[in-house]
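A.B. asks: The lines below spell out each chain.
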Amino acid sequence: MTEYNFAYLDEQTKRMIRRAILKGLAIPGYQVPFASREMPMPYGWGTGGVQVSAAVLTPQDRFKVIDQGADDTTNAVSIRAFFQRTAGVATTTSTGDATVIQTRHRIPEDTLSEGQILVYQVPIPEPLRFLEPRESETRKMHSLQEYGLMHVKLYEDISRHGHIATSYAYPVKVEGRYVMDPSPIPKFDNPKLGDMAAIQLFGAGREQRIYALPPYTQVVSLDFEDHPFEASKADHPCGMCAATDSYLDELIVDDAGGRMFVCSDTDYCEARQAAGHKGKDAA
Amino acid sequence: MTPLLSVQGITKRYGMHFGCADVSFDLYPGEVMGIVGESGSGKSTLLNCMAGHLPPDAGRVVFDTRTDGPRDTITMSEPERRMLGRTDWAFVHQHARDGLRMGVSAGGNVGERLMAVGERHYGNIRDKATDWLGRVEIDASRVDDRPTTFSGGMQQRLQIARNLVTGPRLVFMDEPTGGLDVSVQARLLDLLRGLVRDMGLSAIIVTHDLAVVRLLADRLMVMKSGRVVEAGLTDQVLDDPQHAYSQLLVSSVLQV
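Here the protein sequences line up with chains A and B, keeping their order.
Going left to right, the first sequence walks through residues 1 to 283 as my numbering numbers them.
Going left to right, the second sequence walks through residues 1 to 256 as my numbering numbers them.
A hint or two may mislead.
Derived BS3-like pairs (lysine-lysine); straight-line CA-CA distance at most 30 Å [as the list claims (entries may be wrong)]:
(1) K233/A x K192/A
(2) K128/B x K173/A
(3) K140/A x K128/B
(4) K128/B x K153/A
(5) K153/A x K173/A
(6) K233/A x K280/A
(7) K140/A x K192/A
(8) K23/A x K192/A
(9) K153/A x K140/A
Derived by calculation from the structure, the hints in this document are not laboratory data.
Pulled out of the complex, with its shape left as it was, chain A reads as follows (with noise of 0.2 Å):
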């Protein structure tokens, strides 16, 4: 633990990383840029996430890191180890008595409270990439506002499938001002972005960006008005758990056509077993 300085990162760059944190916050959605480190694990696992978290850790925080909405897969593994020992802060796997979250790719089922801070991996900032390469047109269309571009996207999938078929990192747009990307959390748990309690962080460690969204902001999904917004996720109940609210991932097991739906929320559907709450699949 003496080798490192707390959580890692050198006071200087952690001084860095919350100016950068401050500025998100004050607007929100936002792309700030960050000097960003090299950290000792590679681009795409959670980089930008990492120094977030590294940066708003004190000793007093109890962390958890949900990778896919597990506790118990190698990113959150790795991640929740390396602050164990970079840090010396306490671990958890329950969402309620978290006080720093970092995410992969989803939001936890149970309601955020005040004083929790959630910290977002994010692999590409720019909602505007995929539809505009040049870095110097889509800040010019953030800072004019010009985001007809975005809904040329969900036209393109309305025309091809019939339904706004993206179904993660779905484009928001944050107090009626900056369309922003939510990194790629299922469509599902977009409403949970609005008017949370938690302060919501995002750090994409490769693009050197960070924004935020601070606690009960307004965010709306952008859509068209004949055809509006959808949360969706798989029509089926938990097979652990019975949970009908949660989101679920499908997992083959066999290889005669066998499936079951578990929660995608470890912790969530362990709370819900425990509760007594049994699925048709529960052994």
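Please arrange chain B on chain A, whose structure you already have, making use of the hints.
C.D. replies: Below, chain B alone, put in the same frame as chain A:
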């Protein structure tokens, strides 16, 4: 009558060279102005300066806006100028690929300007896109096809539809028929002439093809080395050219 566009002393230098020097003219509503000249004569520089793509070194481009009357578009703020570029102005590029989004379907291409000005009803956008494809003689069944599957002539017509869908009042065209074969050119010209007359568009057409200006333009400017050497009614300039260069230009064509 207020001119729709009043160009006053536009000058653009490239280092020691003049792109265009001290060009002035007025364009009235419903009028089509042709600009001809050989390559390197400054036609495209002038067009880009007027359309706000290039900042000129001197001069004013005063446009009669719908809301505020005549405004200098060079000194107006960038958001205002870009808004103008999406609504009252249209720009048809020589190469359709420069003006289209090649990865987006024909309907999406036509609908982009509508969505950019705030249209948020998919059905309406699609109806308008289909309507416009019909007007530029593209079959409605191609609405979901990408422009990469279109022929050169179709791409150019699609680009025109995409530009005219918001009902602009002024269209800038840079060699709209360049790179198309003659029969396709003829149809495109026919189409353009119809659209210009029906919608009462004003247009500025840059070309080196005298047939294009003969068919479309009411007035003509002949440019050489960045300067306007002759200007007047199209038929007058083409049938009785006064300046030596205009005479050369007219006599270079086999039959106009």
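A.B. asks: So which of the earlier hints does this model not fit?
C.D. replies: Violated hints: none; all satisfied.
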